[in-house]
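Q: Each chain sits in its own coordinate frame; assemble them with the hints.
Line order of the protein sequences matches chains A and B.
Numbering of the first sequence is given in full-length UniProt numbering, commencing with residue 1 and proceeding in unit increments.
Numbering of the second sequence is given in full-length UniProt numbering, commencing with residue 1 and proceeding in unit increments.
The hints are simulated quantities; they were obtained by calculation from the structure and are not laboratory data.
Be aware that one or more of the hints could be misleading.
[To be verified] In silico PhoX-like pairs for lysine-lysine, Cα to Cα no more than 20 angstroms straight-line: (1) A:K38 - A:K119; (2) A:K119 - B:K256; (3) B:K174 - A:K15; (4) A:K199 - A:K87.
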Amino acid sequence: MSQTQTKPRRSLGAKALIAAPYLWLLVFFLAPFLIVLKISLSEVAVAMPPYVPTFDLASGWSAFVEKLSDLSFENYIWLTEDDLYWKSYISSVVIAGISTFITLLVGYPIAYGMARSPKAWRPTLLMLIILPFWTSFLIRVYAWIGILKNEGLLNQLLLWVGVIDQPLVILNTNTAVYIGIVYSYLPFLVLPLYASLEKLDDSLLEAAEDLGCPSWKAFWKITFPLSIPGMIAGCFLVFIPAVGEFVIPDLLGGSNTLMIGKTLWVEFFSNRDWPVSSAVAVLLLLLLVIPIVLFQNYQQKMQEKQA
Amino acid sequence: MRNGPSWFNVTSLVVGFSFLYLPIVLLVIFSFNESRLVTVWGGFSTKWYGELFHNKQLLDAGKVTLQVAFLSASIATVLGTMAALVLSRSGRFPGRTIFSGMIFAPLVMPEVILGLSMLLLFVAIDQSRGFWTIIIAHTTFCMCYVAVVVQSRLVGFDRSIEEAAEDLGCPPFKTFFLITLPGILPAVIAGWMLAFTLSLDDLVIASFTTGPGATTLPMKIYSQVRLGVTPEINAVCTILVALVTMGVIAASVTTKRRETQRQRDERAAIAQG
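The following block holds chain B by itself, in its conformation from the complex (with noise of 0.2 angstroms):
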């Protein structure tokens, strides 16, 4: 058996893996069905796509979403990896068991609550609903996010260079800038990458914070959804599934060339040295 996969462990993974990736494979082949019937084959078209680009209405929703995940994502980013920073490097100070309850909490949290207790934080202090409500919301919890992602790299990042940094007299800004920063950078952009996502594929949080004039696309999807499957929705959801698939091989390609090149560098340094 351990002389190469079983039979059964093939199966196993051609059936899981079929589960997994089928109905999106079904959905991406109906998005370019000639026919209004959504399951029912009426031959090849991408006359929905044609049509995407004349919903005017889909088109504000998809570049509100995108401004608001692009915003979120680089808000969250900044303070997230502040925060995995006090996490892993600041030791103790009053108040940290809050402080790291708060960050883990949203994790797990169900987005119903979130999305409800901030929007009665907004109502309560009288803030009027809209854009820069979702964004507030979306970057509460994407922040948490990404704090867990970079301080799980800080946590196996060597301090000693950055140690002897400050023992020269570099000061802690340019120490982080310099040292600090491009160590943990994976981990930034692959925290910031799953806060965009994250924040582009959220219905619950930014229908609760919304208000008038702020239609993202998922709430756009979900009120069409609600009514019925159509081929546009399948052509909408295809980009949107493309795009990030897209975003997510280019990501890893580029962390496993970086990490090569280094590997390389590394060797080149030693053998010179």
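In isolation and in its complexed conformation, chain A is listed as follows (with noise of 0.2 angstroms):
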């Protein structure tokens, strides 16, 4: 029984528990999206802040409107001409692309021998894929640099075995984000993957043997069909965050991988242009608007499917 058919009127408290965290999001979460948009259709000024026009809320409405006309659409123009920045979005998407079906190929074994364990196991396994996500990103990017690396342990331990004679160039390449998104974002896919799997009806693959279907087919007919939704709500969690990464990009990627994020920052601390970085934050969010929406929709048709 919801308040508001009992009680039209709300009372003063009730107000305030809305209003405190609607506002602070107003404040702290919209508004500053709103200035972003702004910004970015601000041109570059050697000032602080270094872009005009600024808004002066003291000016009044009129001003406002005036300064409305002095926007440009600039910045997108320049983001369409210099190739840098096509090239960011479309090896962002296609970084996070590789990455995600790798994540799913590492993350579908262990999801599988997770359901598949003694029912006694599960919640300490759970608790280990969990532990890693509670420990700091940057530790776990950073604890890659010293086994990736030329002289880094896993050559030593390729050249003690003798397989390779030349230590491998791994850290500052495009492989070295893959393993670095595979490596931090592999519990946002086992987690979904294991709870789809774990609801599996077990009489069904009881069936399928009894009736003499091999143990592989049966996983072919009824387990892997059954996964999918899994399969696709831990895909969305690993490929949304992995188009927007910076830290793994910066830290193991080369100077030639392209990720948005990485080239997002670069604009804004090292060529302190701030008008086109707010434009390329802009069109990042045009970008992932579509995943975002579509794993909502399919999120819902999956929640009314099972009311």
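A: See the structure below:
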């Protein structure tokens, strides 16, 4: 029973309960986006802050409207003309896509092994999957530098075993970025996948076995199709944050690893071009809106199906 | 295959978990390395930990980070719990869609965008940046995580006790503190811990919103990592990993114990009744 039906008028306390988090988010989450949008339409200036026009709230609405006419789409045109940005966008999507696919290949056997393990093990295994998620992202990425670099542990091991006689160059390449993303986002894929595999009704597999179906075929015909919802949810959870990733391409990738998060960072901190980095942010957001909306719709459909 | 784990499943679990844990284990091992060369073993030593305690910059950064994490996690827990109550209890109100959108959006938003937009807000209102601006930024994205964690607990919470209290004339404020809060406390604590670690770990948003004099530990680690791998960083990272691991394990043990205690109490109450 919702309160609105019994009490059409909210008490002061109930209003305050809504107002406090609402106002906080309006001021510190929504308003900043409008500012980003606005600055992306401004021009660079050698000043602090380094862009014109700046809005002066004190000068009132008419001044605001007048300033609107000063806004330009120049930054967006610039983004289409300089192919660095196009390449960054495309390469972010490609790198995130490839990494998501590898994460799926690595994560599926883990989730499957967890779901098929004895019931008594499962809470511990689940805890072990979640624990790295609590550990700092930066530290987990840093740990790979010592492993992947030319004189690093992986090369030492391979040289010692005799598989290679020249150290492999992995650090500062796209391969290192794939490894970093797969490693960092693996729990996001394993958890939803495990949830859908664990729910699987064992009697279906028993029935298949009784009817003489070999176990690999039973997996392909029963387990795999029923785990598709978990796979899709997991892939979205890896893909969406991976597109805007900054730390991994910056620390593990090379100078020719283009990712949009890194481009934005460089544009902002090194080139101090605030309007262009705002325009990059707006376009990155637009790029991500598509998979996010798809994901939301998908989740909703799944929930309705279950209900 | 169902009569116990098959060799394939055991192998994939062993390989999978080795992949997850080996890098961290190696990082910890090499923090005890005598040699300055991070990848060549030169004997066991704790000297890098000793040096940490003389590195004033690092200690200061650690202090700032803990203060920021504590304050922003605490504010975020209050605001996030309120937001969760609004989402699950307030029914319809004007602007509800925007409200829930603002709660869920930061969870999927790239950090670079959150950081950039926050900074531009602080510049626009001419707020000098530093300690408090990091706290505001961290509170904003952490409260959304807290809201989601607490809300999932509120959904499964039996409302009849709250309604009984209200019918008996208990003011809503008192009902919340006497009935709702004790019921959702594990989720509130989990939310606080999540917010604390998120703030502790954050590099990107803090880098955008910081100002002179407020350097956090991830920022310090990041600037050193760019110069190369050193055993001191391994030592700092080991301490952070140890703290977080102990925190998570302690929390899960307490939750489990509390749960068993509650079940025992319930059984005792039924037996007496």
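Q: Can you name, in rising order, the numbers of the hints this structure does not satisfy?
A: Structure breaks hints 1 and 4.
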